[in-house]
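K.L.:
The listed protein sequences derive, respectively, from chains A and B.
If you count by the working numbering, then the first sequence holds residues 1 to 480, one letter each, in order.
If you count by the working numbering, then the second sequence holds residues 1 to 480, one letter each, in order.
There could be a bad hint or two in this list.
Each pair may be met inside one copy or between any two copies, as identical chains are not told apart.
[To be verified] Heads up, simulated DSBU-like pairs for lysine-lysine below, C-alpha to C-alpha not over 30 Å straight-line: (1) Lys-332 / Lys-218; (2) Lys-365 / Lys-332; (3) Lys-100 / Lys-378; (4) Lys-289 / Lys-214; (5) Lys-298 / Lys-249; (6) Lys-214 / Lys-100; (7) Lys-214 / Lys-332; (8) Lys-296 / Lys-249; (9) Lys-145 / Lys-59; (10) Lys-378 / Lys-214; (11) Lys-378 / Lys-292; (12) Lys-298 / Lys-218; (13) Lys-365 / Lys-249.
If you're looking for bench data, these hints aren't it; they were derived computationally from the structure.
There are 2 protein chains.
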Amino acid sequence: MRTEPDLKDAYARIDKDIARHISRTRRLLRQPSSSQQDIGIDECAELVAKLYEEVGCEKVEVVQTKGNPVVYGECKGDSDKTLLGYFMYDTMPFNEPGWKHPPMEARVVEKRLPAGKVKAIVNRGTDNTKGPLAAFLNSVEACNKSIGRPPVNLVLVAEGEEELGSPNLPLYVKKDKKRLSKADACYFPFFGQDSDGKANLYLGVKGVVYFELKASGKAWGRGPQEFAIHSSHKAWVDSPVWRLIDALKTMTDDNGNDILVEGFKDKIAPPMAEDRELIRELAKRFDAKAFKDAMKVKRFILPEDDPEALVKRFVYGTTLNIDGIWGGYTEKGSKTVLPHEVTCKIDIRLVPDQEKDEMMPLVRKHLDSHGYEDIEMKEIDTGYDCCRASVKEPVVQSMLASYKAFGQDPDIWPTSGGAVPFYVFNKMLGLPFTMSGIGHSDLAHSPNEYMVVEGNKTVAGLAEAEKFMVHFMNGFGHSD
Amino acid sequence: MRTEPDLKDAYARIDKDIARHISRTRRLLRQPSSSQQDIGIDECAELVAKLYEEVGCEKVEVVQTKGNPVVYGECKGDSDKTLLGYFMYDTMPFNEPGWKHPPMEARVVEKRLPAGKVKAIVNRGTDNTKGPLAAFLNSVEACNKSIGRPPVNLVLVAEGEEELGSPNLPLYVKKDKKRLSKADACYFPFFGQDSDGKANLYLGVKGVVYFELKASGKAWGRGPQEFAIHSSHKAWVDSPVWRLIDALKTMTDDNGNDILVEGFKDKIAPPMAEDRELIRELAKRFDAKAFKDAMKVKRFILPEDDPEALVKRFVYGTTLNIDGIWGGYTEKGSKTVLPHEVTCKIDIRLVPDQEKDEMMPLVRKHLDSHGYEDIEMKEIDTGYDCCRASVKEPVVQSMLASYKAFGQDPDIWPTSGGAVPFYVFNKMLGLPFTMSGIGHSDLAHSPNEYMVVEGNKTVAGLAEAEKFMVHFMNGFGHSD
Chain A
1 MRTEPDLKDA YARIDKDIAR HISRTRRLLR QPSSSQQDIG IDECAELVAK
51 LYEEVGCEKV EVVQTKGNPV VYGECKGDSD KTLLGYFMYD TMPFNEPGWK
101 HPPMEARVVE KRLPAGKVKA IVNRGTDNTK GPLAAFLNSV EACNKSIGRP
151 PVNLVLVAEG EEELGSPNLP LYVKKDKKRL SKADACYFPF FGQDSDGKAN
201 LYLGVKGVVY FELKASGKAW GRGPQEFAIH SSHKAWVDSP VWRLIDALKT
251 MTDDNGNDIL VEGFKDKIAP PMAEDRELIR ELAKRFDAKA FKDAMKVKRF
301 ILPEDDPEAL VKRFVYGTTL NIDGIWGGYT EKGSKTVLPH EVTCKIDIRL
351 VPDQEKDEMM PLVRKHLDSH GYEDIEMKEI DTGYDCCRAS VKEPVVQSML
401 ASYKAFGQDP DIWPTSGGAV PFYVFNKMLG LPFTMSGIGH SDLAHSPNEY
451 MVVEGNKTVA GLAEAEKFMV HFMNGFGHSD
Chain B
1 MRTEPDLKDA YARIDKDIAR HISRTRRLLR QPSSSQQDIG IDECAELVAK
51 LYEEVGCEKV EVVQTKGNPV VYGECKGDSD KTLLGYFMYD TMPFNEPGWK
101 HPPMEARVVE KRLPAGKVKA IVNRGTDNTK GPLAAFLNSV EACNKSIGRP
151 PVNLVLVAEG EEELGSPNLP LYVKKDKKRL SKADACYFPF FGQDSDGKAN
201 LYLGVKGVVY FELKASGKAW GRGPQEFAIH SSHKAWVDSP VWRLIDALKT
251 MTDDNGNDIL VEGFKDKIAP PMAEDRELIR ELAKRFDAKA FKDAMKVKRF
301 ILPEDDPEAL VKRFVYGTTL NIDGIWGGYT EKGSKTVLPH EVTCKIDIRL
351 VPDQEKDEMM PLVRKHLDSH GYEDIEMKEI DTGYDCCRAS VKEPVVQSML
401 ASYKAFGQDP DIWPTSGGAV PFYVFNKMLG LPFTMSGIGH SDLAHSPNEY
451 MVVEGNKTVA GLAEAEKFMV HFMNGFGHSD
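Take these sequences, add in the hints, and give me the full structure.
P.N.:
See the structure below:
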């Protein structure tokens, strides 16, 4: 336990350097790094390594894996404690329609949020999660340039395959276990405020499995085998498209909300004891309107007059979602064809104690037992299990203390809906973990993804978000 | 009734000019004319007009309509009778994958058919139906250059919107009724031999209706309203994709083969008396293997050991076919999104006495009564009713006589599976009609569409197909 530094010096440095910090953030954002399309990955890994060095990290390495490189770095801090910073430098694809500003120019635009007027960067990766990565590196630099060192030892791991389900991260962690095991906890920074300024702390993440289902004449032995044929033959030739629809229909009911795959929900564990109080509190605070406004959603699956049921549905809800579907003629006009194949992408979100390795076999078994042996399944992401940390963990308590110090009383969610591969650090290295922070960003996976850089009294801008990070590092670095 | 000319002179002319005929055919084929994509339409109309003139037609006019132009022409023949030649110069799109030769270069390639080795042109429109149009114009030219005139008066109508459902043809026919009414019958040339040389005569065509169904968060008032959102929200937000699947599933059973839309089949008429004998004969002759080999289809909906049931299914079968479906993320990888909308294209094939104007309302009513009022329907083609001619019609008898003269004993089908807007000429002008001929082409609407130009003993090449056309014109021109 060392003496706590005066964080005011670090905060002043952030304020002084904020223009440069924004510029660094935009630099990282403008470098494409779409792992699914394999665009700009190596270039982005090199850039992240450069930024590690620029902000004062030591032992910076671009570690090659079987897939995209991991960018490793260390930064000696003024503490007995070590924090493992987990980041991803890859993003979702950015070529979908609907962007009001170019998705890779990192334009700074005025934006009116429920929290009031702000300035925000619009770019793929602002929210998920090159924005928070840049903010964190900025905060490290500010420490180095003011109080001399970060207030905690840092081990940094930025992977480039999170949007592919982190297939090579476990192997990397296994190989680099010695260096990574120095850490006492894992930290995944992000901007944890909603558009109305409300802060959220997520104690865990869901797991995920991603695969494709394909119906084809070839596998079925019926219908067109090799190409789409004239649709007049539908009179006496089968259709793989209708077959996929029949097969999908056996898997859910009630518009996909009631999952009928046998055994799908069997392993779901009852809520943890500490969840009960959290859920009750969340239900009291739940602001349906803020969420609906941000996501342009008109109503939830469940009625809003029972917020506890709604919150529970989000926290404990496993899902079978169709991410995309395509087959046959999909352009303008009326080409009349009987397609030979049709494919859909499906993701499953996992809650405790569903096991990711069991989900695809369950779907397979369901299809087989309903007579759809011919429907092909293809794993797209290796996927991973969900992961939870107790609110009592010191690293979570440090996060809560920082929230308090910054005037926030966050909603504490037992889990986020999204997936982060914390299980790698939690199960393989035994590390507790936390995520969150202040600041606001949104529209991950959607067009017009953004992060606030110039906030207001209600929602934090980049400088405040960085100060929070410094505070959190210090809190954990100097906790008992 | 005039004296029949000696057709040998015309045949000799065809043989002499066949290289030029092939070259003219390729010229027409290489001109793109994809009506659905609006590519090359005006240029192709101009080219058809030029070809009309080139082969000796009079009163050639490119008639503007509200849509694509109609190319009108006349050719005075040596007869009291007038034949209305109906053609289309538009084609399906040609940008689908799977072409082994460029779809617009009209390459002449060797091909091994069940009928033996041939030379064929591979190009969009060879089969459907710029190939037969070019052949017919060639045959007219041969008459003009040998026996002086075609052996029948000709009124030529080439439309450019057949693949859009001929939306402006009825209005055109109404306007030009005076000139068109001179005709005694309507004729639609095509290459009527299968790949094994067997000839087919179709007495009618099915009708068609084409529309899109769209499920969206916006129309539904549930799910994402404006854009695809992060799929983690599936836990508490509805999915329009699952909704469309649920809705589609109510419309058919047995992989789309059993149509459950209420009233869909109510108006289907019992087989015409003359069909019974035709069906019995077709069942005797039916060669399942030839069809399956050509279409790369492994099996039919019904077992092959009851060919009569199979033939009946083709002739009397109405269909509800999904031509295409798309929504959400459809590229490589695992983008996790909850889509805000999904669309599918559907075509219905109509048999007597289904009425095209009733089909979309029936689907609408079905959706509404099952609680899917929000699923949007959009008409893509105006569509048209089916149409039938009796085998006893003089123009059909002329066709049969020509088959006989060319050593063919065609299978006589009460209807083709495809749709041709004969109803316009049949219902509005009261004209009987026929289609067919010899020669072979295939793979309409599929990649690698082709037509034979150099045949063999079993399957006719272009020259033979043209001679057949001359014979047919003469037969009808000099019938009682």
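K.L.:
For each hint, tell me whether it holds in the structure or not.
P.N.:
Hint check results:
1. Taking identical chains as interchangeable, the C-alpha atoms of Lys-332 and Lys-218 lie at most 30 Å apart whether they share a chain (27 Å) or sit on different chains (22 Å).
2. For a Cα distance limit of 30 Å, the shortest separation of Lys-365 from Lys-332 across copies, 26 Å, qualifies, whereas the shortest one inside one copy, 38 Å, does not.
3. Taking identical chains as interchangeable, the C-alpha atoms of Lys-100 and Lys-378 lie at most 30 Å apart only when they sit on different chains, with a minimum of 28 Å there against 34 Å within one chain.
4. Only between protomers do Lys-289 and Lys-214 lie at most 30 Å apart by alpha-carbon distance; the minimum there is 27 Å, versus 38 Å within a single protomer.
5. Taking CA atoms no more than 30 Å apart as the test, Lys-298 paired with Lys-249 passes in both settings, with 25 Å inside one copy and 26 Å between copies.
6. When the C-alpha separation of Lys-214 and Lys-100 is checked against a cutoff of 30 Å, the pair qualifies only between copies, where the shortest distance is 24 Å, while the shortest distance within a copy is 34 Å.
7. Taking the shortest alpha-carbon separations for Lys-214 and Lys-332, both the intra-copy value of 24 Å and the inter-copy value of 14 Å come in at or below 30 Å.
8. Proximity of Lys-296 to Lys-249 under the C-alpha cut-off of 30 Å is found in both arrangements, the shortest distances being 27 Å within a copy and 28 Å between copies.
9. For the identical chains of this complex, Lys-145 and Lys-59 are intra-copy neighbours only, at 19 Å inside a copy versus 89 Å across copies, given an alpha-carbon limit of 30 Å.
10. Proximity of Lys-378 to Lys-214 under the C-alpha cut-off of 30 Å is found in both arrangements, the shortest distances being 8 Å within a copy and 27 Å between copies.
11. For the homomeric pair Lys-378 and Lys-292, the shortest alpha-carbon distance between copies (29 Å) is at most 30 Å, but the shortest distance inside one copy (34 Å) is not.
12. When the C-alpha separation of Lys-298 and Lys-218 is checked against a cutoff of 30 Å, the pair qualifies only between copies, where the shortest distance is 8 Å, while the shortest distance within a copy is 42 Å.
13. Taking the shortest alpha-carbon separations for Lys-365 and Lys-249, both the intra-copy value of 15 Å and the inter-copy value of 21 Å come in at or below 30 Å.
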